[in-house]
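Protein chains in written order, with the numbering used here: chain A, 1 to 338; chain B, 1 to 338; chain C, 1 to 338; chain D, 1 to 338.
Honestly, the hints are just simulated from the structure, not real lab data. Careful, some of the hints might be misleading.
Chain copies aren't distinguished; within one or between two, either way the pair holds.
[What the hints assert, rightly or not] Calculated cross-link-like contacts (lysine-lysine; reagent style DSSO-like; alpha-carbon spacing at most 30 angstroms):
#1 K261 - K6
#2 K27 - K6
#3 K202 - K143
#4 K48 - K143
#5 K6 - K77
#6 K328 - K261
#7 K118 - K143
#8 K143 - K64
#9 K143 - K70
#10 K48 - K77
#11 K48 - K148
#12 K64 - K48
#13 K70 - K261
#14 K27 - K64
#15 K48 - K261
#16 K261 - K202
In this text, all values refer to a predicted model and were calculated from it rather than measured experimentally.
For reference, the chains in residue letters:
There are 4 protein chains.
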Amino acid sequence: MIIVMKQDATREMAEDVARRVEEMGLKTHLIVGEERTVVAVIGDDRRKDREKFESCAGVDSVVKILAEYKLASRETKAEPSVITAHDLKLGGGNFGVIAGPCSVESEEQILETARLVKAAGAKGLRGGAFKPRTSPYSFQGMKEEGLKLLAAAREETGLAVVTEVMTPHHVDLVCEYADILQIGARNMQNYHLLQAVGECHKPIMLKRGASATMDEFLLAAEYILDQGNQQVIMCERGIRTFESHTRFTLPLASVAYLKSKTHLPVVIDPSHGTGHANLVPSMCSASVAVKADGIIVEVHPDPANAKSDGAQSLTPAVFEQTIQECSKIAEVLGLTMS
Amino acid sequence: MIIVMKQDATREMAEDVARRVEEMGLKTHLIVGEERTVVAVIGDDRRKDREKFESCAGVDSVVKILAEYKLASRETKAEPSVITAHDLKLGGGNFGVIAGPCSVESEEQILETARLVKAAGAKGLRGGAFKPRTSPYSFQGMKEEGLKLLAAAREETGLAVVTEVMTPHHVDLVCEYADILQIGARNMQNYHLLQAVGECHKPIMLKRGASATMDEFLLAAEYILDQGNQQVIMCERGIRTFESHTRFTLPLASVAYLKSKTHLPVVIDPSHGTGHANLVPSMCSASVAVKADGIIVEVHPDPANAKSDGAQSLTPAVFEQTIQECSKIAEVLGLTMS
Amino acid sequence: MIIVMKQDATREMAEDVARRVEEMGLKTHLIVGEERTVVAVIGDDRRKDREKFESCAGVDSVVKILAEYKLASRETKAEPSVITAHDLKLGGGNFGVIAGPCSVESEEQILETARLVKAAGAKGLRGGAFKPRTSPYSFQGMKEEGLKLLAAAREETGLAVVTEVMTPHHVDLVCEYADILQIGARNMQNYHLLQAVGECHKPIMLKRGASATMDEFLLAAEYILDQGNQQVIMCERGIRTFESHTRFTLPLASVAYLKSKTHLPVVIDPSHGTGHANLVPSMCSASVAVKADGIIVEVHPDPANAKSDGAQSLTPAVFEQTIQECSKIAEVLGLTMS
Amino acid sequence: MIIVMKQDATREMAEDVARRVEEMGLKTHLIVGEERTVVAVIGDDRRKDREKFESCAGVDSVVKILAEYKLASRETKAEPSVITAHDLKLGGGNFGVIAGPCSVESEEQILETARLVKAAGAKGLRGGAFKPRTSPYSFQGMKEEGLKLLAAAREETGLAVVTEVMTPHHVDLVCEYADILQIGARNMQNYHLLQAVGECHKPIMLKRGASATMDEFLLAAEYILDQGNQQVIMCERGIRTFESHTRFTLPLASVAYLKSKTHLPVVIDPSHGTGHANLVPSMCSASVAVKADGIIVEVHPDPANAKSDGAQSLTPAVFEQTIQECSKIAEVLGLTMS
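Next up, chain A with everything else stripped away, as it sits in the complex (with noise of 0.2 angstroms):
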């Protein structure tokens, strides 16, 4: 950390502003500028509270230089994790695809999906039995039903399950069922959602939240790998700006970012990350091509009668062009598809 002090500021504050400092077991070094005195921290100064030296009299700003997340950083392990269920694998040159519906309506509705998308070459279904809809009139999901239909998926085409889990008292129930539990970008900061899932065994796909930094996005995985659970997947599903004509912004330079900090991997999600079922297929082939770990694409045997996300819902027959499109650039770019 960096403390900067007012130009105003006198000797006497930067002083003081260094006794605090000292008070937490920390070294100091106060530089006199030209212009302006800084005092700088020395030592690992993650864990405290940096903000409330701006408080302090004669302060102009605090510099952070140490990202508080240390169990998700590349400084902490430099090799990338790669996590496993069924044939899925994500990370470490393997590109892993899990497609599916936005939520899984009927019986009917989730094993031809399984089917289909198993066919074209995916690894994973996805599906919402427990759905977090924006109104509370929306379809809210199958709940338990659906998630003994995602399991009877698994049975018969051997995907891995990957289903959302909205709050902490639903973890067991769906840790029963779900190969990959994810967190919904809502959710990323229910803490005590991330504590619960901390603590079960299975994979975590946590998705980015819609206005949260690279730095609050890798603290919430740090929550998470901070109670034991190791298996935390990145999930890059776009941000919210300006833009209108997409649902979100989707910016893939997320991947390389994140991949120089973390050895956790990186997913794309780009039906979410577009909203729109036309601009979903080239984001998947330039998903491959950022090298991100893996992609989550909402199919639907039947948009336009999906109960939720149809507009942004591939159909069968467009996600198996795309995917053999993906896969002509995993090839040329040494990834194994998973």
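Once you have looked at the hints, place chains B, C and D on chain A.
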């Protein structure tokens, strides 16, 4: 809802869309323009899945006309709701002042702050016992012990206690001690939590999520109202934008907008909305000037030693001056400070 | 500037960075922390290309300490600048009111509006003669004819004329007629234009670009000041964010922030800042409450027939009420309306 | 256009709106819904001022159906435009590579870079002679001298020269030397400049403004097209969002969106779009994967000594590897690199 067809859509495509709408029990009106055909939908389509029409052949876009919230709407209840807790009154010409530390840190700290903010004119006391923190390594609050100290402060000062609840299974506990339950910005779309507080009998202060649109904010309120709890206070606390000199961007135009759409009171949080103590006082005055129904402000007896949010906490002396200025403005505008 | 090295950077890399800094005529200070080494730079690095150090081997990031603007800074001139044009005064406790139509449309329209806004208390008259329009097919303004009509309105009413200049070769022409030249938001970083108005002797109202940071905004002012024109008025008119219920998001906290950094007066434009006439009056009041130095408001005798920006224009009657409320707030805050 | 009336609007209000629309020479259709009345407008209202209806009594909102751009639209020209300069081809299955330094700094620097990028596969040479810089104290470019050096580099290498023009009175000068004129992001809505380049006979590369919507971007192109210059290249270079780990946020979904709306070629600028050299290579690959029509990339022989944008410039060696990877992807997708 208006469904806009693509320029090259055929008549049959438009008719197919119309048929699907009619199957939902709604009427349609086909308007053939010079360049575009649109399908106008007549009837209450609020609870229908409207986006899915985007997946129908030939559809360009879907324009919603009716907002999805209903109980929160002024169209349902025209007169403003007034929410009361002890001497605190919010709404209907009453401007309520809630103040206190970010976190409850000790008996001495909370009692001292309560006395000081009361003397300055506050009628509500804020203070976090359960603290949602970005990092798992930050101070997480005093929990039930903190709730007890808040209740003790109310005992002594008569201030109404406003404190956050973070997870459904804490709702009963927090209800025992608090007068108003706060849902934090990070939990604005934690639907299980919204439903849980919708079942209790205390007023709920719902903070706007950092990337929530107005419709999403009002629909989050709708979740609470829909469970039977009519006492919801909307709290604008700033949105995430590219601005980095403030912690969030605080759009005061939200007040006039929300008041045109909902009967619920609207409160401003200039502390989180700016993140810097030097920007808070003038934004408090501005909150009165835009005729918000109240403010919630962080005040700490010693900001430089606060366990959280020191940078944005006012000292008691600055808070007192701030409230004096607010009072003058309230008076000339005919608002009653409470 | 502080140059932060990567965790795995060698001592040599840090020394190489230090050497490069010293070649620029600056001193350095190497601080070896437990986890990171940082190179602190001592001296005025404001005019150096600081980002390029990111390209040096082993560098993680570069943190700027000194803002690049100097002439605009309070550190250069502590007392607030007051800018005057006829009876209009902005700054130093003077709250100036500028009002008028988006575009000059006809002699009758501009004269009628001028009389009405003057009667309501305005001291400046706005009105576009050269209009920057998003579409090439929209009304582009009356051009020189419009300037003449503005001058005629000043003749009759004594109001100071504020009007936009869009391109360098119009600067002389606009200077002939206008009292204050406006640089529109879209041109905030049109540097040739900034330099051209920097050479004239009229005050310049510089509107913030819709995605400009505060530093960029102040550096745009610096371009003008650097040419010798010291009369720059900073106008906050809203930024582009994900909010769609307003045309832009108007952050009033900009006022206190800018006033802490610059001596230049700060004016608010609540018309463009919200885009909807029903949100304008309360944001005018709030502009007084945050102690801005003035407002610039769109008023049209018949908004529904305006040639541009009808949706955000006040009627003269609403404008009059608005200014009455502003006056009351100004009075209790000790500001002088002008 | 659809004009939505407020719930409490009277029949007369809707009829008054309809009458005003009809006075514009358009037809209307009144649709009385259960809760709302809407006035549907039939006919080409693209060039009408549509927002002003918001000021009519009883109007809630105005929904535009037809986009305002016409010449840029696929509805006007369905087949993709191909733009050619020397060996550089953009559009219609041709993926063009433009590379070079941010600024022309010296004869040696530009010639060396030109040779290196050509060897790596580039067909266009970028390099700024007139540099728009945020600070007036930064290097402003070599101006005409820089243009001459670019022409000399073309002489030697055959690369097409792409360089920025910042103000209308430089258009002729830049046309003398450049093959493609670039309009920078800051000038995307500098309408006099757009009109000036609309009159010249060279292709124009139009960069998206950092806060421009897609409609604004396409309308800026329309300004150029409307002057008679049909050779416009749309360049997505990232938008400003809350993300701070990248300089801008680069939404690659823009490619598929733009291609669905316009016949003009779409090029990606991953250097400005990310701001950090380590994020550029994978975003180049992704640009091919989304089937953009080209990339424009900053390459500098010695980034740590660049006079501008060193942080985001690739070294020639990294650029070479990047283009090799791009070529492989282009090949499997059937695109022709040029």
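These are the hints, each one checked on the structure:
1. K261 - K6: Between copies only: 11 angstroms across chains, 32 angstroms inside a chain, cut-off 30 angstroms.
2. K27 - K6: For K27 and K6, the Cα distance is within 30 angstroms both inside one copy (21 angstroms) and across copies (20 angstroms).
3. K202 - K143: both (19 angstroms within a copy, 29 angstroms between copies)
4. K48 - K143: The answer is between: 20 angstroms across copies meets 30 angstroms, while 41 angstroms in one copy does not.
5. K6 - K77: So K6 and K77 pass the 30 angstroms test across copies only (15 angstroms; inside, 39 angstroms).
6. K328 - K261: Answer is both: 28 angstroms inside a copy and 28 angstroms across each meet the 30 angstroms cutoff.
7. K118 - K143: The answer is within: 24 angstroms in one copy meets 30 angstroms, while 48 angstroms across copies does not.
8. K143 - K64: between (43 angstroms within a copy, 28 angstroms between copies)
9. K143 - K70: between (35 angstroms within a copy, 26 angstroms between copies)
10. K48 - K77: within (23 angstroms within a copy, 37 angstroms between copies)
11. K48 - K148: between (45 angstroms within a copy, 26 angstroms between copies)
12. K64 - K48: This pair counts as both: shortest intra-copy Cα distance 11 angstroms, inter-copy 23 angstroms.
13. K70 - K261: Only inside one copy: K70 and K261 sit 10 angstroms apart there, 36 angstroms across copies, limit 30 angstroms.
14. K27 - K64: Intra 15 angstroms, inter 22 angstroms, cutoff 30 angstroms: intra and inter.
15. K48 - K261: both (21 angstroms within a copy, 29 angstroms between copies)
16. K261 - K202: within (23 angstroms within a copy, 44 angstroms between copies)
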